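> Residue numbers (my numbering), protein chains in the order written: chain A, -7 to 303; chain B, 84 to 511.
Since the hints were derived computationally from the structure, they do not count as laboratory data.
No experiment lies behind these values; they were computed from the predicted model shown.
You may find that some hints are simply not true.
What the hints assert, rightly or not - The calculated EDC-like cross-link candidates involving lysine to aspartate or glutamate, where the alpha carbons are at most 20 Å apart (straight line), are:
(1) A/Lys69 with B/Asp413
(2) B/Lys493 with B/Asp317
(3) B/Lys224 with B/Asp494
(4) B/Lys493 with A/Asp240
(5) B/Lys442 with B/Glu209
(6) B/Lys442 with B/Asp413
(7) B/Lys493 with A/Glu199
(8) B/Lys325 with B/Asp494
(9) B/Lys325 with B/Asp195
(10) B/Lys493 with A/Asp204
(11) A/Lys69 with B/Asp345
(12) A/Lys69 with B/Asp317
(13) B/Lys442 with B/Asp408
(14) B/Lys325 with B/Glu420
(15) B/Lys266 with B/Glu355
(16) B/Lys224 with B/Glu508
(17) B/Lys224 with B/Asp260
(18) B/Lys246 with B/Glu355
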Amino acid sequence: MTAVLSRGRSDAPVRSVPGRPAPRRRPTVAPTWFLLPALVVYALVVLYPSLAGSVLAFTDRSGFDPGEWVGLANFEKLLRDDAARAALTNTVAVAVVITVVQTTLGLLLALALNSAIRARNLMRTLFFAPMMLSPIIVGLLWQYIYTPGGPLDSTLEGLGLGFLTRSWLGSDGALWAIVASIIWHHVGIVMAIYLAGLQSIPPELTEAAQVDGAGAVRRFWYVTRPLLGQSTTIVIALTLTASFKLFDQMFVMTGGGPGVSTQTLSLVMYQQAFVYGEYGYGTAIALVLTMIVAAVVFVQLSITRRGEHQV
Amino acid sequence: MSHRTLIRLAAVATAATLAASLAACASGDAAAGDDPGSLGGTLTLATSSEAGISPLLPDFESDTGVEVETTFAEAGALGEQLTIQLNAGTAPDLFRSAPGRAAPSAVLNLVDAGKLLDLSGQPWAEHVPSAFAPLQEADGKLYAYPTFGQAILAFYNVAAFDKAGVEPPTTWSELIDVLDALKAAGVTPLSFGFADNYVTQFPTYALASSLVNGLEPDFYDELASGETSFAESDGWRETFEKLFSLIDDGYTNADPLGTPGDPAMQAVGTGEAAIVIMPSGAAPTLVGFVPDGWDGLGVFALPATDDPSETFIPFSPDYLVVNADAKNRDAALAFLEHISDPDRASELAEAQGAIPALKNATPIDNPVNESIRSYLQEEHTSPFQNHIWPGGQLAAAMMAGIQQVIQGEKDVDGLLADMDAAYAEITG
């Protein structure tokens, strides 16, 4: 392998003159000041309300009752709540499956559409187009597609695959039917991130590997994949975060049913806080969800960043 | 003219002026509705549908000089938004509220929180049906204006009934005969769109109205006092057993849990299925699916027993309430008086596909109103069950439980136990 790869972030000097040590850019305060207005707005509309709101998790506030301090009672209730536990199981399962399948599919699409196939720009647009739709519209669209005797069943029957038809949203498989619609919706953005990553890889690296006798699979595994490390980090972080807070499609397509088979933590949180007015308990669920997402993404970032390589 | 005469004239003129002023003052309050031209200002109004309300605004605005700022949003979302606004003190003057305690923003919950104005003395109050009292009164005071009523009814495709040669049933046995005849004629007898879990409520409440409210009128009092439970109620058990028997015996579409509410109605509109059980508010949508419009659609009350006189129908009002902290309270009260006019009350209800709620409203001649008139007159109505319940968690437990029974994950005992658990959790 002739390619030289460096690991981690590059600390290379900005500009070097032969024979002299490279001058380092002097740290300047100005960019910090430029950030300040955005930071102030962020602190006011995101940080402060979030921190102030999280106090509710330790109260029994409901409806118009300001409630009282109850310590960890809401968290104990969460541990005993069968529906919330089922929702947590669903949420974790959905996050894992979506992250694995969506990342793999997005990468395969990017690899395919980064080649010299005809109409690749049209194909890129078509695969990215669902991203332009709102999750609510996608939910309604797929609810219709999954209707018994609807477009999906008719297509399967037309292809002689009638034995595959089933109650898409009315059975235990509803969760995976919804997951499929979510992957259809979001795979385009994964593809776009990987396409950007692929296009930043100098072609001479893969050409050199080819000259060295590496086949397509080995070129991908030893050259392309490591150099897509940063793209993978971004894709997995975004997908995991979005999957853990899934709400819209479940809300529109099944409302968490049948029974509680498509409940997610976000849906339970919404129902408790806004449908039943149990603000204290709803906030406790939100806090737990936030901590789970933060922990998972922290672990994911520390793992995937180790595998990042730069040219 | 002598000095004395001048004094007399001045005295008479002063007295006449005073009398005229007093008369004007005296008539001032009473005339708020007759000549409210001096009201002015802005009235903020938030409700769930533009239909019926918007056409009533121009006259009100020109009569009173009040500018009405409206917000229209789906009922559930509106309720959630209003709860937050009421907590923040930014709620509109006049807004839609659900009956009873069905949601945090429902009438009686808002009364407990001191958020609503007492409307007992309003001129339309005497025309509010007494049956609505448990849903809108507290301590003998009336807190809500019933804009219209919704009934849960069985809507049927007339052509499908003609094809099977059947008439609307009046007893449970007749209903089963009709379903058998429809099945034999190749029509799906009942269309259930239970993928939308809220739709599970409609046939359930339609059966429970007769089997619980009709045959066990003391059930909710006994439930509140701890003397009974859902599991111990014969009416509730029979309600669910009859509901699930309709599915188990093959009278419904093959996949009720996979079918959303709209396609279920569409199937009846096209004649693929014969009967769908929905609230009257769904009638305008349903009629839109039927090629012949109202000519192709019939309505009947769902029977639950073999005695037609035991049939009750679920009938609940929809409300407008006045914010206790309304910025333009007079305009809010004047608006309610404006829409309580018998013709306007009727116009509003008709636009909503609903039934006028005030007793003095002009009757509407359409199939929905005709089908329920006798039940209203005989007071064979009950509120939707969730409007009587103490919190939304109970309806949620029931909806999830119904779906789980259909999936085979639970039985009727388990469903009733879930409802008792939810009731216990709400009532503490």
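> With the threshold set at 20 Å, check whether the alpha-carbon distance from lysine 325 of chain B to aspartate 494 of chain B stays at or below it.
holds, 13 Å
> Is it true that the CA of lysine 493 of chain B sits at most 20 Å from the CA of aspartate 317 of chain B?
Holds, because 19 Å separates the two Cα atoms, which is no more than 20 Å.
> Holds or violated: lysine 442 of chain B and aspartate 408 of chain B, Cα atoms, limit 20 Å.
violated, 29 Å
> Under the criterion that the straight-line Cα-Cα distance not exceed 20 Å, is the pair lysine 224 of chain B, aspartate 260 of chain B satisfied?
The hint is violated at about 47 Å.
> Going straight from one Cα to the other, do lysine 69 of chain A and aspartate 345 of chain B come out at no more than 20 Å?
violated, 37 Å
> CA of lysine 224 of chain B to CA of aspartate 494 of chain B, is that 20 Å or under?
Status violated; Cα separation ~42 Å.
> With the threshold set at 20 Å, check whether the alpha-carbon distance from lysine 266 of chain B to glutamate 355 of chain B stays at or below it.
Within the cut-off at roughly 11 Å; holds.
> Holds or violated: are the alpha carbons of lysine 224 of chain B and glutamate 508 of chain B at most 20 Å from each other?
Answer violated: lysine 224 of chain B to glutamate 508 of chain B is near 28 Å, above 20 Å.
> Would the pair lysine 493 of chain B and glutamate 199 of chain A pass a check requiring their Cα atoms to be no farther apart than 20 Å?
violated, 62 Å
> Holds or violated: are the alpha carbons of lysine 69 of chain A and aspartate 413 of chain B at most 20 Å from each other?
violated, 46 Å
> Holds or violated: are the alpha carbons of lysine 442 of chain B and glutamate 209 of chain B at most 20 Å from each other?
The given pair, whose Cα atoms are some 9 Å apart, holds under the 20 Å limit.
> Between lysine 325 of chain B and aspartate 195 of chain B, does the CA-CA distance stay at or below 20 Å?
Since the Cα atoms of lysine 325 of chain B and aspartate 195 of chain B sit roughly 37 Å apart, the hinted pair is violated (cutoff 20 Å).
Figure legend: structure checked against the earlier numbered hints; hints not met, in rising order: 1, 3, 4, 6, 7, 9, 10, 11, 12, 13, 14, 16 and 17.
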